[in-house]
Every structure is written in structure tokens, then in C-alpha cells.
Amino acid sequence: MSSPRSKGRTTPPPKSPLPGIISALVVVVILVLLGVLLFNRANEQTAAVPTPLPDTPLAPESDDQFELETISEPELPAEPAIGSLPTATSYNFPGPPPMSIDPEREYIATIITPRGAIIVELLPEIAPQTVNNFVFLANNNFYNGLTWHRVLPNFMAQGGDPLGDGTGGPGYSIPAEFTDEILFDQPGLVAMARSTDPDSAGSQFFITTDVTPWLNDETGMRTNYTIFGRVIEGQAIVDGIPLRDPMNPADAARPGEMILGITIDEQ
1016 MSSPRSKGRT TPPPKSPLPG IISALVVVVI LVLLGVLLFN RANEQTAAVP TPLPDTPLAP
1076 ESDDQFELET ISEPELPAEP AIGSLPTATS YNFPGPPPMS IDPEREYIAT IITPRGAIIV
1136 ELLPEIAPQT VNNFVFLANN NFYNGLTWHR VLPNFMAQGG DPLGDGTGGP GYSIPAEFTD
1196 EILFDQPGLV AMARSTDPDS AGSQFFITTD VTPWLNDETG MRTNYTIFGR VIEGQAIVDG
1256 IPLRDPMNPA DAARPGEMIL GITIDEQ
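All you need for the numbering used here is the position in the sequence shown, starting with 1, plus 1015.
A few of these clues could be false.
Claimed, not checked - The following label-pair restraints were derived from C-beta to C-beta distances:
| # | residue 1 | residue 2 | range |
| --- | --- | --- | --- |
| 1 | Phe1170 | Ile1197 | 25 to 33 Å |
| 2 | Ser1115 | Leu1167 | 31 to 39 Å |
| 3 | Gly1186 | Leu1258 | 25 to 33 Å |
Treat the hints as calculated values from the structure; they're not laboratory data.
Every residue gets a Cβ at the ideal spot worked out from N, C-alpha and C, and that includes glycine.
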């Protein structure tokens, strides 16, 4: 039998689970939001990290790639030293050379000496065979390294002898080409040396340093030696060639000044 107290107590109604569910959802949402925020921040920090440099640094571009092209001044040829020009492979030819020059053209010979150059205008219109012979010998380096073996005051300087004593030649002779178009009436004339035979010239030549009328014939109106050129520049060089008389034993004991070479320019 129940007591009167128990009869008067009422049983409370059961609690609803809804508030707990709502609280749990709120916590989950907060955690999700926090997770999203943390994930985005981590990505931002990762993107901000620079790519590491390679262990081996890249070589810098060469400065040469940026240099401006410079235009250099043309180099002038140096004056040849004694013995630097090629010498002849032969001083003995079987005969005179065939005609290879054009008498209508101009030919300039440059005789190179240790003290400077002697510029000679050749005269093929007056002495074509002699000019042709001189050009042939010069182009074959015949005169390179020979000497002025006979140099007499107030007269001339003679060279072109491979023996250096006045007796040598190229192994042949050429005919004389005497003329009345030019006479030995001035210094600077270039002519062929010869013996008493008019047609005995070979390679030896001379340049006058004074007026030499005795080299004309007895009439004085025609040459008695073949003139084939005239100095147009460098006569002072000719005048300064050391004197040497091969008939003088003291002079014969020392060599004459060297002819370094002779070049030919056809114009």
C-alpha cells in the first residue's frame, strides 16, 4: 500500500535530446571552420617559400657578348729587315726571258735599301726588251741581297752583280737599245752596264748621280748605254750610297751597301 507522500509526487517528463544535438553541431561547425582556416594559411605559407637555387650557380653571360665591334686602323707594312726578303733560287738562266710586259703600260720599280726606297719609273716605250728583262729578274728575286759593288763620286752607283765584283750576270745577255729620245744630261737615269760589246748587258745596272755626257756617243745626240728608267723619288738615297771602288783593295775588302730587294708595280 503506497504512502500518501508517494501519491502526491509527480514524475518529471523526459528531457529532450535536441539541445545536445544542436551543441554538438555547433562544435563540429566551429572545428570545420578552424580546420579550413588553418589549411588555407598553410597553403599561403607554402606558396610564399621561394624555389631554392641550384647547387651549381649559373655561369654569368660573357662580357664578350656585349662588346661593341671596334674598327681597327689598317696596319702599315713594316720596312723589311736585311735578309728578310726571299733571294733568287737561281742566278743562271738558259736565255733571255720571253716578252711578258706590255710596252703601253706603266711600270714602277721600287729599289729597297737599308736607308729607304728608290722609286724608278721604267721606260718600256724606249727600251722594251731591257725593261722586260729587268722586270723578269726583279720578279724572280734576282736582286734581293745583292750589293752596290761599284759606287764612284760624281758619276754613278752600280749594282746587280751576283758575284759582287763586276763580272757576274744572269747567264745570258740582251741586245742594246740605244736611243736619241733621252740622253745622259741629268742625274737619276737608270741604265744597263755592259762591257765593250754593246750587246753584252745582263743584270748589272747603274744610276747616275751627276750629268754624264761621256755616256752618249761621239755625236752627243744618242746614248751609248741603254737607259731604261729614271728616278722619280729617292735620289737622295742614291746620292748617299757609300762609295766603293772595286779596283781599290781597301774598298774591295768590304762589301757594298745591300740591295734588300726590288719590287715591280704595273699600272
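Here's how the hints hold up against the structure:
| no. | hint | in the structure |
| --- | --- | --- |
| 1 | Phe1170 with Ile1197: 25 to 33 Å | 18 Å, violated |
| 2 | Ser1115 with Leu1167: 31 to 39 Å | 33 Å, holds |
| 3 | Gly1186 with Leu1258: 25 to 33 Å | 30 Å, holds |
Hint check: a violation occurs at hint 1 only; the rest are consistent with the structure.
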